[in-house]
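Colleague: Position chain B relative to chain A; hints supplied.
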Amino acid sequence: MPQFDVSRIVRETFVRQVDYHPVVDSTNTKAAEWAKCGKALLPLLVLADRQTAGRGRGTNRWWTGEGSLAFSLLIDESWMPRSSCQFPMLGLATGIAVVEVMQRFLQGHCVDLLWPNDVVVADRKLGGILVEGDSRRFTVIGVGVNVNNSLRDAPADLQPLAVSVLDLTGLKDDLTGILIGILRRLEIELKVLRDDKGFKHRPPYCLPQNEPVQISGEEGISTGICRGIRSDGAIVVETADGMRSVHARSIQFGSAAQ
Amino acid sequence: MSNPSSPQDIFDVRKIRRLVELMKEHELSELDLQQGEVRIQLRRAGPAVTAGAPPAPGTYTAAPAAAAAPPAAAESAPAADDSRMVLIKSPMVGTFYAAPDPEAPAFVKVGDHVGPETTVCIVEAMKVFNQIPAEVSGKIVAVLVENGQSVEFGQSLFRVDPQG
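For the record, the sequence lines run as chains A and B.
Counting in this note's numbering, the first sequence runs from 1 upward without gaps.
Counting in this note's numbering, the second sequence runs from 1001 upward without gaps.
No incorrect hints appear here.
With a cut-off of at most 27 Å between alpha-carbon atoms, the simulated BS3-like pairs for lysine-lysine come out as follows:
#1 B:1089 / B:1109
#2 A:39 / A:191
#3 B:1109 / A:36
#4 A:36 / B:1089
#5 B:1109 / B:1024
#6 A:36 / A:191
These are computed hints drawn from the structure, not numbers from a lab.
Chain A on its own, in the form it takes in the complex (with noise of 0.2 Å):
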């Protein structure tokens, strides 16, 4: 029995074609091939009820346990900021949507933006996000949120790292339901990066501010304290040697970074 009401999706949503599987190696990949052929209604909704290849950044992997949320959204320049500067507040936009709905369906527990692209519930993984795109033609919108899935089916070493709202409540929830959430939410997200208003008024959940952070860049590893969030999405450190910005490097926050 499927899992989710496409017709619904599309009804409620600006998604405008719906490609449901059953099982996909990775709803990005399968993403990134309909923007190849260029045939694709956009938005276009990629969507699995399980992923067999779920990726993550580099060779991670994503695990998708069955009642998990795995969709790829692919958008074209219209959705996309108009400066390729920009490109990467996607991550950060796909994130606040997520955030902001998971904490509608998770009433009582805090769901947190870990900077970047990971959801987090009590520094466990409740979602993580990947966006691949080329800045210029087409943007994959990669999310996987743990929901009805439960994360004792999951590999023993996944299983202290991550969490699921069924973990959390007990309950299962309509998976089309905080679906449509999302996409409504990031649909908002997409058209206020594109009208270039920036994340200066965004809630201060993006980032622990006042908080201590290690970063890892090529100088080697350097500690601070987390001051903020810029317009563009860097994030402000406070470091001995003065303030600094951080758009790539790997930030660590939190009791592990003093």
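Modeller: Relative to chain A, chain B alone:
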């Protein structure tokens, strides 16, 4: 500096000779290699492109550390004129990745021919992966940054010979 006796020494005369042969074979005008702290740059200065100008003997120049290059200066071959070279630049601040993932081969290497749509690298910023298209046709003659290196907006990533 590297240990001259190291089997990995990139300044080994035979290796430089082989590099020179490869440059000739693929009609490359410039080669830039780095291994740890040592670096070697080989450049072929070919005949002037001005019509009717006599062909100048080719020369190879090397970075100071590679001053012991073999007598390859006698080599002579047509070389691409630097002025016609096109640079592929980074459209954003980020981290340069030559390959789609650490286990995959590089998108392009020196000597490869590219078209405007050819993906030449990825620049990652804030975990967003941006495939960079060549936006030009030609031959890759130099890779100007290292895998994993931070790049700035507008920084040159590749040198392309559009007539290559």
